[in-house]
Every structure is written in structure tokens, then in C-alpha cells.
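J.: Fit chain B to the known structure of chain A by using the hints.
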Amino acid sequence: MTQARLTALLTSVAGGDHAALRQLYDLTSAKLFGVCLLAAQDRMGAEEAMQDAYVKIWRKAGYFDAMRASPIAWMCAIARNCAIDWRRAQARVPAPLEDAALDALMPEQAADHDGTHHLLDCVAQLKEAESRAVRFAFYEGLSHSELAARLALPLGTLKSLMRRAILALRKCVDDRD
Amino acid sequence: MTVTDLTPDDRSEMAGALALGLLDGPERASALRAMLADRDFAAEVERWRARTGDLFDAVPEVDPPARAWAGIAARTGDPGQVPASLRWWQGGAIGGGALAAGLALALVWQRPDAAPPVLPATYAVAQLTGDIDGLRIAARYEPASATLRLRTVGMPDTPTAPELWVVPADGIPRSLGQIARDGETVIVVAEGHRSLINPSANFALSMEPPASSPHDKPSAPMVARGAIDVI
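Read top to bottom, the protein sequences are chains A and B.
When you line the first sequence up against the numbering used here, it's residues 1 to 177, in that order.
When you line the second sequence up against the numbering used here, it's residues 1 to 231, in that order.
The shape of chain A in the complex, shown without the other chains (with noise of 0.2 Å):
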């Protein structure tokens, strides 16, 4: 699945051809459906939220700017917002994750790798505990407040963690620039 291929077929969403949104659900539902589990945290309400995301994607594809974000990264963040946007239509706060799935969620050490600019290995240098916080608010889409609640931590506590893993993350991604 490549950029170049995903771009196209926005295009093609973009002037209206249904085939083309099939095609590109067909290789990214998958995907788009994984962001809206975690976000949404319930897979009826993820099935939702996905259809929503679909649904936005064919309308909004004409907006799409290849120069601005990778054509999954854009769909993506689409459909965690239609996560986000069912989980708080339901006005019920996220029911804990399992202590396995918690484990699950910690990344591995990022080993040397090519060297690209990439997000994911400046999280996964954090402390342990700035990189879980980053990871459940992002993909989750807590905010501060939820975050603290889901953490068990006071809201100050959690807004200095969370200070130190946005300026270390900056760091991070501008010493590699």
C-alpha cells in the first residue's frame, strides 16, 4: 500500500467515484479500524466510528494536501476523531484496559534503526512512564483530565509528566532534524 497509490485514489474520492472508495477501504479498513478500537475502546462504537470516518474521508477528500500528511496518517487522525467523538457521545469514562493489554502497550526498546525522522522512536526513548501517558493520550484521545483519572495520578502530576514528554519529545525529533 503505498503513498503514491492512496493519494490517487483520494483524488478519485474526490471527484466522486464510489469504485475508488472501495478500493481504498479495501486497503486501509483494516488499519483505520485498529485507531478506532483503541480510541473508541468498544467495538460496536469502533464500527461506528469507522463508518463515520468513511463517510467524512468521501466528502472531505478534496481537502486532502499530500504536502501536509501521509495519506494514511490523514485518514487516521479522521477516524480517531470519530472515535473520540462516539466515546463522548456515550458520556461514560473508559473502562480500565486490562493489566495484559497494559503490558501489551509498552513499546520495546527502539533499537538503531535507518535513522528516519520518526515520532514512534523518540516515544519509545521516554521514561516508561512520559511514554505510556504520550501513548494513551494519543491514541486513546484522552485529555489532561481523563488521562489523570485513567493513570490514577493528581492533574498537576500528570501536566508535569506530561511537559517533560512533549519538551523531550521535541527535542528528540529536532536533534535528529
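The reader is advised that the hints may include incorrect statements.
Claimed, not checked - With a Cα cut of at most 20 Å, we get these calculated EDC-like pairs of lysine to aspartate or glutamate:
hint, chain 1, residue 1, chain 2, residue 2
1, A, K171, B, D10
2, A, K171, B, D9
3, A, K56, A, D26
4, A, K159, B, D38
5, A, K171, B, D40
6, A, K60, A, D26
7, A, K60, A, D85
8, B, K217, B, E142
9, A, K159, B, D40
10, A, K60, B, D24
11, A, K60, A, E48
12, A, K127, A, D175
13, A, K127, A, D174
14, A, K159, B, D24
15, A, K171, B, D63
16, A, K56, B, D78
17, A, K159, A, E128
18, A, K159, B, E191
19, A, K56, A, D17
20, A, K56, A, D85
21, A, K127, A, D85
22, B, K217, B, E191
23, A, K159, A, E130
24, A, K60, B, E46
25, A, K171, B, D170
26, A, K60, A, D17
27, A, K171, A, E130
Think of the hints as simulated: they come from the structure by calculation, not from any bench.
T.: Below, chain B alone, put in the same frame as chain A:
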């Protein structure tokens, strides 16, 4: 205080927090106003947003239920939506949602440079139940090793042996072999049957004459069934 009064670190923190989605309420409103008022700040938020897109690389792929497409096609006015495909997704939805609860996600930290995409670190799970009181079979399939683990409880004593089938959307059962009457069974699924274990399929159990190799087709009715779900 405007965003230009902030230290560079404060600005960067605010931009990063906005891009990560951490801000809500007044904090978010103030950051969004700052984006409109301050081009440098807006550019920093844009840089953060472009970077955070990388993080989606680590999200494991999970196949959505087959029925999901029909809703999208209907809402986007797809004229190519034909009745045959509707029948197909409706068939695939039988028993769906049996295991919708208890969703546990295993997020693997996938190398960003891993290409082609690695098989997602997911399990297929199912719980088989039927008319026999107390009979329950829990199944967990790990695609990476093609290993199917089953735990059986409450199987009554019979001269026949329980045989497990996977029933994909075409409705034709394929035998995965006979399983232990009580406790755990581990089956390495034959290559040809692995792709059948997906959320559009069901597991089913029939009571068959004891045999050392899988039967071609069931000779008795299914006594337990369960929809396959991916977690």
C-alpha cells in the same frame, strides 16, 4: 496572557499538547485562538500534527466486520451496492457481537520500517454454547503460530466424540478435528483452513464417531456454536 508572552518551552508544550489532543475546555479554546493570532505558533502546531501522524504506524490492523462496508456504501450513495452483497454481509453477521464485550487490545510496537505490514498481533476468540446445559467451549486462535487452544467444560458422557468445525460465510463446515471431552485441546490448524478463521465465520461442534483424522462433513447436528471475534 497571549501566546507571544510565553517562553519557547511553554509554547512548544502548548502546541504539542494541542496536537496530541490533551487540551479541552478553556485550554483548548485558548490554544486554538493562539493558532489564529500567531502564525509561528500555528506553524509549530502543524509540525507537531505532522509528526504525531507517525504514531499511527504502531496501531495493529484489525479486520472490521464484513457488514461495515454496506453502511458506508449506503451513506455515500454507492450505486454499485447489489442485493447479493447484502445477503453476504447479513449472513456473516449471524451470531455477531456474542463476544463484543470484554474487548482487550494488544498494541504491538511495530517497527516503523517494517514492510510489508506484519500480521497484526490479534487473536481470534470464540465461546461456543448450545442447548446442552453447562456445555461451554472457549476457543482462542493465534494467527502467528496457527495455534487454536480450546477449553471444554460440561461435556456429558457419550459414545461419540466432539468434533470442531469452522463455518465460514459460505455455510460449509470444515473440520478442525476432534477435541478433548474435558479440559484443554491444542490444535495446529491446517494451512488451508487458517484464513477461514476470521470474524465472518463461526465455530461449531458436532458429536461424531471417534476418529483419528477430521471428517469431511458432519454426520450429526451442531450442538454448540459461537461467532468468531478478533481482539
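J.: Now tell me if each hint is right for this structure.
T.: Hints and how they fare:
1. A:K171 <-> B:D10: Since the Cα atoms of A:K171 and B:D10 sit roughly 14 Å apart, the hinted pair holds (cutoff 20 Å).
2. A:K171 <-> B:D9: holds (11 Å)
3. A:K56 <-> A:D26: holds (16 Å)
4. A:K159 <-> B:D38: Status violated; Cα separation ~24 Å.
5. A:K171 <-> B:D40: holds (18 Å)
6. A:K60 <-> A:D26: holds (19 Å)
7. A:K60 <-> A:D85: Satisfied, since the Cα-Cα distance of roughly 17 Å is no more than 20 Å.
8. B:K217 <-> B:E142: It is violated: about 25 Å lies between the C-alpha atoms, which goes past 20 Å.
9. A:K159 <-> B:D40: violated (24 Å)
10. A:K60 <-> B:D24: Roughly 24 Å separates the two Cα atoms, so the pair is violated.
11. A:K60 <-> A:E48: Distance of about 18 Å is within 20 Å: holds.
12. A:K127 <-> A:D175: holds (17 Å)
13. A:K127 <-> A:D174: holds (18 Å)
14. A:K159 <-> B:D24: holds (13 Å)
15. A:K171 <-> B:D63: Judged against 20 Å, a Cα distance of about 36 Å means the pair is violated.
16. A:K56 <-> B:D78: Status holds; Cα separation ~14 Å.
17. A:K159 <-> A:E128: holds (16 Å)
18. A:K159 <-> B:E191: violated (50 Å)
19. A:K56 <-> A:D17: Cα-Cα ~14 Å, so holds.
20. A:K56 <-> A:D85: holds (13 Å)
21. A:K127 <-> A:D85: The hint is violated at about 30 Å.
22. B:K217 <-> B:E191: holds (18 Å)
23. A:K159 <-> A:E130: Given pair A:K159, A:E130 holds - Cα atoms ~11 Å apart, limit 20 Å.
24. A:K60 <-> B:E46: holds (19 Å)
25. A:K171 <-> B:D170: violated (55 Å)
26. A:K60 <-> A:D17: holds (13 Å)
27. A:K171 <-> A:E130: The hint holds at about 14 Å.
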